[in-house]
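K.L.:
Here is how the chains run, residue by residue.
Protein chains: 2
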Amino acid sequence: MEANRFSFEVIYRSKKSSARVGKIITPHGVIDTPNFVGVGTNGTIKALDNKTVHEIGLQLMFCNTYHLLVQPGLDVIAKGGGLHNFIGRDLPLITDSGGFQVFSLAYGGVNDELKSRGEKKRDGSVLKITEEGVSFRSYRDGSKILLTPESSVAAQKIFGADMIIPFDELPPYHMKKKELNKSLERTHRWEQRSLEAHLKCPNNQAMYGVVHGGIDVDLRKKSCEFVSRLPFDGYAIGGSVGKNLEEMISMLQFTLPMLTPEKPNHLLGIGDLRSLQYTIPLGIDTCDSSYPTKAARHGLVLTKKGPIKLLKAQYNTDFSPIDPECSCYTCQHYSLAYLHHLFKAKELSAYTLATIHNLHFMVELMQNYRELIYKDQI
Amino acid sequence: MEANRFSFEVIYRSKKSSARVGKIITPHGVIDTPNFVGVGTNGTIKALDNKTVHEIGLQLMFCNTYHLLVQPGLDVIAKGGGLHNFIGRDLPLITDSGGFQVFSLAYGGVNDELKSRGEKKRDGSVLKITEEGVSFRSYRDGSKILLTPESSVAAQKIFGADMIIPFDELPPYHMKKKELNKSLERTHRWEQRSLEAHLKCPNNQAMYGVVHGGIDVDLRKKSCEFVSRLPFDGYAIGGSVGKNLEEMISMLQFTLPMLTPEKPNHLLGIGDLRSLQYTIPLGIDTCDSSYPTKAARHGLVLTKKGPIKLLKAQYNTDFSPIDPECSCYTCQHYSLAYLHHLFKAKELSAYTLATIHNLHFMVELMQNYRELIYKDQI
Chain A
1 MEANRFSFEV IYRSKKSSAR VGKIITPHGV IDTPNFVGVG TNGTIKALDN KTVHEIGLQL
61 MFCNTYHLLV QPGLDVIAKG GGLHNFIGRD LPLITDSGGF QVFSLAYGGV NDELKSRGEK
121 KRDGSVLKIT EEGVSFRSYR DGSKILLTPE SSVAAQKIFG ADMIIPFDEL PPYHMKKKEL
181 NKSLERTHRW EQRSLEAHLK CPNNQAMYGV VHGGIDVDLR KKSCEFVSRL PFDGYAIGGS
241 VGKNLEEMIS MLQFTLPMLT PEKPNHLLGI GDLRSLQYTI PLGIDTCDSS YPTKAARHGL
301 VLTKKGPIKL LKAQYNTDFS PIDPECSCYT CQHYSLAYLH HLFKAKELSA YTLATIHNLH
361 FMVELMQNYR ELIYKDQI
Chain B
1 MEANRFSFEV IYRSKKSSAR VGKIITPHGV IDTPNFVGVG TNGTIKALDN KTVHEIGLQL
61 MFCNTYHLLV QPGLDVIAKG GGLHNFIGRD LPLITDSGGF QVFSLAYGGV NDELKSRGEK
121 KRDGSVLKIT EEGVSFRSYR DGSKILLTPE SSVAAQKIFG ADMIIPFDEL PPYHMKKKEL
181 NKSLERTHRW EQRSLEAHLK CPNNQAMYGV VHGGIDVDLR KKSCEFVSRL PFDGYAIGGS
241 VGKNLEEMIS MLQFTLPMLT PEKPNHLLGI GDLRSLQYTI PLGIDTCDSS YPTKAARHGL
301 VLTKKGPIKL LKAQYNTDFS PIDPECSCYT CQHYSLAYLH HLFKAKELSA YTLATIHNLH
361 FMVELMQNYR ELIYKDQI
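Each protein sequence line maps, in turn, to chains A and B.
With this note's numbering applied, the first sequence corresponds to residues 1 to 378, in that order.
With this note's numbering applied, the second sequence corresponds to residues 1 to 378, in that order.
No wet-lab data here; the hints were simulated from the structure.
Don't take each hint at face value.
No copy is singled out in the list; a pair is fine if it fits within one copy or between any two copies.
[Stated by the list, open to error] 16 angstroms max Cα-Cα, derived EDC-like pairs, lysine to aspartate or glutamate:
1) Lys304 x Glu364
2) Lys79 x Asp318
3) Lys304 x Asp323
4) Lys312 x Glu9
5) Lys312 x Glu364
6) Lys294 x Asp32
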């Protein structure tokens, strides 16, 4: 049987907002949208194995090219028959270009930078940024790695994720408009080169064009027009999305209507519960975030009534599950009191059980969002 | 249905050695012997949850009273309906008395002490050792905890493990015979008090008398005679078992024949693969050890052909499972190369997947030992 080609279909548009229900078909299965994409940087969701992730029903997982290039390296994944095969996941995968991580090395912490707290700085790992691309030293073995639009796409072709992302430059938040425009133009040249490299070796992968431009209306418009002109299969909204929720909402409000509505869009790196309440009505189809899994490892579990801090003393003798109505493995088998104890005792199973719950919560939350859209309630 | 009372039956005796196949019946199910007992100090095998441990088929789990008293505390487990209920395990459990850990605080590291490298020393946590018992400070909240034969048994009754152990003194390896004899006599008085406390509240728990005496023939004999005279349900071989395998074998050779053969015996804390080759032919029924799970977390996985160090460079591109013939979850789903990668990337799933394999290996290994005994091959 031939693998499915990539396609996207909008099934329903809310009468109340720009929210929409859709279906992305990929060679490794269907992604119902809107949906949450789990972050599996190194080819695994932290504290879970991929078969467990499969059972939880996470339809799309995000892996990071930069990390995978450094460890285990391209050669290993190539010999292992591609990323799906290597990591034991037969559901859809998406990889990024590596640009985000490389530039966060150049400009300091990504969060600082995106939230405008950072200053432009260089650490030792980034060696050179030119029109050709970026060279950096592997933090693992010190070897020199050159990342260009062509090499990033070549790596992502070998990884074989269902969706791939062109190589882009991540400009710092504080950049002035003139410099930001220069960075945007370079990103566009790099995206064009990435797309050309992608189209030279046609396969079943889809490439999402990345929209940049920070929070500047003109530059976002310029970027939307650029990516819309090219035969990308979808769009990823990247770059700085603002220093707070308000700036992000405002940016999405003017950006999303400028993208071809028949193609799927993805919001890079933003998927916390509060943001979702705003981004889904604006028409976001997918988004990735490490928030639910990171929160879990810090003992914060998500429920419909709000988050629960498992380490709080009140859960010491609370023998009910996290959520009596939750059907996840953790809630079916273990109590708050036991989870509290496992976190207190710093047992590794604590991190696994909390992550199972939070990922299951996200899967159900997105299912619920889709139902609300069908009912025109959002 | 009334819960099963504790009983033990020897089903087969090897014609080649003192090895025997038996069956321990407990209120929470059967333990086939000889068997390996997993260490779940805080009420969980490290890196696994208890339902997964159940699926792997581990028939008996060992929890530590000292740790459980400190965290979550007796009160929490009492309110939670006992240990089985609190931790979500409905297969057999065994708890120790807390003595071992308390005395290891007084005399330094347990391993150092048992292996004769230690010197008698006190740290701040042990406050007082008297005929009454031992008082110590909780490492968690600084509260004072008094552990006596009576309070240890009372705690173990509330925990409700299928098998419990009387309170004993752990003498340091270097003790001279005269002092060791004094310690032994105190242990015997404490064991007697423990047994009396146990028999005052008859329930379905079994109590194993602990045999002490270090590596001294006379003292081991004295201890065997003492515990054999009392209505214990089985025997645990404790105290110093020697500074190397040879000393332990020699000690077991003269100790085991002095115990009532109709009752089950347990070797405390020794269950590595090399030791098992010697202890099973000598007639050991059960033994606990953190070796297989600790080894797993260090990337050492067990196979019939010897242990594999997952971090070795040669496994970088080895896409076969740990053992092609192994039916464990890890071998069914993941390759050596992927496990190598997870360990390199320090992903938590590495520890879980390696632990699943090693625990499964131990379960199968013990099954195999039982078959060899039936065939008189050991």
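K.L.:
Hints first: check each against the structure and report whether it holds.
P.N.:
Verification of the hints:
{"no.": "1", "hint": "Lys304 x Glu364", "in the structure": "within (10 angstroms within a copy, 43 angstroms between copies)"}
{"no.": "2", "hint": "Lys79 x Asp318", "in the structure": "between (50 angstroms within a copy, 9 angstroms between copies)"}
{"no.": "3", "hint": "Lys304 x Asp323", "in the structure": "within (9 angstroms within a copy, 43 angstroms between copies)"}
{"no.": "4", "hint": "Lys312 x Glu9", "in the structure": "neither (45 angstroms within a copy, 47 angstroms between copies)"}
{"no.": "5", "hint": "Lys312 x Glu364", "in the structure": "neither (25 angstroms within a copy, 41 angstroms between copies)"}
{"no.": "6", "hint": "Lys294 x Asp32", "in the structure": "neither (24 angstroms within a copy, 41 angstroms between copies)"}
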